[in-house]
Amino acid sequence: MNKIFKRTLYSLVALLTLLLISVYPAFAQSRSVFWNAWDVTIDGVDAASNQFRVTETHDVSFTGSFSYGSAYIELDRVEDIRNVTLSQDGRAMSQSCGRRAGTFCTGINEDGAFEIIYYFFEPITNGRAKFEISYDVVGAIRVYEGGDQLWWDAVPSEHYGFSIGESTIRVQLPTGYAPREEIDPVVTYGVPADVQVNGTNVVASARETITGNEMFSIRVQMPHNPDARKPSWQDSFDQQRAFDENVKPFLNIGVVALSALIGLGGLLFIITRYLTAGRDPVLVATPEYLSEPPGNLPPALVGGLVDEIVDLRDIMSTLLDLATRGYIVIEENHVPGPFGIGTTSQFTYKRTDKPASDLRPYEHMMLDKIFVGNAMSRNLESMRNVFYTVIPTLKSQVYDELVSEGFFSRSPNTTRQMWSGCGGLLLVASIALGVLLLFLVDVPVEGILCLPIALGVVGVAALLAAKGMPVKTLKGAEESAKWRAFEQYLRNLQRYDGV
Numbered sequence: 017m018n019k020i021f022k023r024t025l026y027s028l029v030a031l032l033t034l035l036l037i038s039v040y041p042a043f044a045q046s047r048s049v050f051w052n053a054w055d056v057t058i059d060g061v062d063a064a065s066n067q068f069r070v071t072e073t074h075d076v077s078f079t080g081s082f083s084y085g086s087a088y089i090e091l092d093r094v095e096d097i098r099n100v101t102l103s104q105d106g107r108a109m110s111q112s113c114g115r116r117a118g119t120f121c122t123g124i125n126e127d128g129a130f131e132i133i134y135y136f137f138e139p140i141t142n143g144r145a146k147f148e149i150s151y152d153v154v155g156a157i158r159v160y161e162g163g164d165q166l167w168w169d170a171v172p173s174e175h176y177g178f179s180i181g182e183s184t185i186r187v188q189l190p191t192g193y194a195p196r197e198e199i200d201p202v203v204t205y206g207v208p209a210d211v212q213v214n215g216t217n218v219v220a221s222a223r224e225t226i227t228g229n230e231m232f233s234i235r236v237q238m239p240h241n242p243d244a245r246k247p248s249w250q251d252s253f254d255q256q257r258a259f260d261e262n263v264k265p266f267l268n269i270g271v272v273a274l275s276a277l278i279g280l281g282g283l284l285f286i287i288t289r290y291l292t293a294g295r296d297p298v299l300v301a302t303p304e305y306l307s308e309p310p311g312n313l314p315p316a317l318v319g320g321l322v323d324e325i326v327d328l329r330d331i332m333s334t335l336l337d338l339a340t341r342g343y344i345v346i347e348e349n350h351v352p353g354p355f356g357i358g359t360t361s362q363f364t365y366k367r368t369d370k371p372a373s374d375l376r377p378y379e380h381m382m383l384d385k386i387f388v389g390n391a392m393s394r395n396l397e398s399m400r401n402v403f404y405t406v407i408p409t410l411k412s413q414v415y416d417e418l419v420s421e422g423f424f425s426r427s428p429n430t431t432r433q434m435w436s437g438c439g440g441l442l443l444v445a446s447i448a449l450g451v452l453l454l455f456l457v458d459v460p461v462e463g464i465l466c467l468p469i470a471l472g473v474v475g476v477a478a479l480l481a482a483k484g485m486p487v488k489t490l491k492g493a494e495e496s497a498k499w500r501a502f503e504q505y506l507r508n509l510q511r512y513d514g515v
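Each residue of the sequence shown is one higher than the one before, starting from 17 at the first, in my numbering.
Keep in mind that the hints were calculated from the coordinates and are not lab data.
Any given hint could be a false lead.
[Stated by the list, open to error] Taking lysine-lysine pairs in the DSSO-like style, the calculated list, with each CA pair at most 30 Å apart, reads:
#1 Lys370 / Lys385
#2 Lys370 / Lys411
#3 Lys491 / Lys411
#4 Lys483 / Lys498
#5 Lys483 / Lys411
#6 Lys264 / Lys246
#7 Lys411 / Lys385
#8 Lys411 / Lys366
#9 Lys385 / Lys366
#10 Lys411 / Lys498
Let's have the full structure, built from the sequences with the hints guiding it.
This is how it looks when you write it as structure tokens:
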């Protein structure tokens, strides 16, 4: 019964989860807000104390059920927000953070913005209401000798993705401080707007609906007040703006140019290096085919010489070569399978009494690792978990033999590792620098992001070019051509039959 109950409970939970997932989008879409009007009035402008009064009037239509609203004011170019009042349909709300109906609460949110959360007197369902939010703004007027500036985001870009039908900004300047024609600009930002200046009265009206994340801001310049108080943030703001306007463009150009120099210069260096030092010597004549091996070079060296890579096949070919030359004997024994069904092959390697004094170092090492101590016999099964540990050393010794034979001036593997290592370091550096610039530090110049991209491009190019960078000597190129000609003969025996 317990198992049946658990299964039933899990099924109900899963069904409920699916039901919630399917219903939630429709529920979310059924709730929406539309501002019929979002009007802002700015008055009480006093440059001496650097403050003014803002009154926001919101005429809002609700679709769905709502019980509270919120407003946010960015404080990056504001010293303080004071004396907040709020009303709903002409009925004043009281300030309290108890989340009771008809109250509002203010504070600083986790993003550093001034937050106002207000709770409706009654929940509103598919209705309309008018809210008036008023507050004093302290330290937002920019003070300059040429004219003081009132710059305010009447409608911020964050209005939850809902649209605003109409918006008008009204600014009432103090007597004697009307904007001077062709001296004091009055400019709006965001949605297109019509601006009217009538003495100390400035009116800006949005020409169209404010949608999604659009904003509506105004900048009004007025004659300078000698007693005006400069806000605490203005000096650093002006310094940053001067940097952005006068220095930053040239730094961006310089960083982009440096990145282009690194990227294009690195690619050009890799290409030039390959063309001048990464290509095998050009042979005057090469045979089309050879019907006999061109020499007695061991197969591991032949494989490493032709494709410049010593792989496992080359290492294993040494076992067969040692058997062919009489140093070991390979015996195949057939043993019955499980329960006497079928047979399986088992290979046994036996050491002959032929001296190993004339073997190359990697061949001598292979014998030593197969026949440990005085052992003269070893089966394949006993080597499976041991022999692979010496393969890297055997490969390295084969590369050394290729250099000793004069086929390469430097080990092909060393050359590849050098280029791969440089490419890998550049790629890691580009990723680390990119993460640092994007997430961990404040980048003063956007163009610097081109630098990790350039390093990454060069790093990838070096990784791709690594395989083609090993270069043979003239002797190595000639020997490789002969062995390729013999390979051509073996691949086309019927074609060359009777030649």
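Tested hints:
1. Lys370 / Lys385: With a Cα-Cα distance of about 17 Å, the restraint between Lys370 and Lys385 holds, given a limit of 30 Å.
2. Lys370 / Lys411: 24 Å, holds
3. Lys491 / Lys411: 21 Å, holds
4. Lys483 / Lys498: With a Cα-Cα distance of about 22 Å, the restraint between Lys483 and Lys498 holds, given a limit of 30 Å.
5. Lys483 / Lys411: Cα-Cα ~17 Å, so holds.
6. Lys264 / Lys246: 25 Å, holds
7. Lys411 / Lys385: Status holds; Cα separation ~14 Å.
8. Lys411 / Lys366: Measuring from Cα to Cα gives roughly 23 Å; hence the hint holds.
9. Lys385 / Lys366: Holds, at roughly 13 Å.
10. Lys411 / Lys498: 23 Å, holds
The structure agrees with every numbered hint stated previously.
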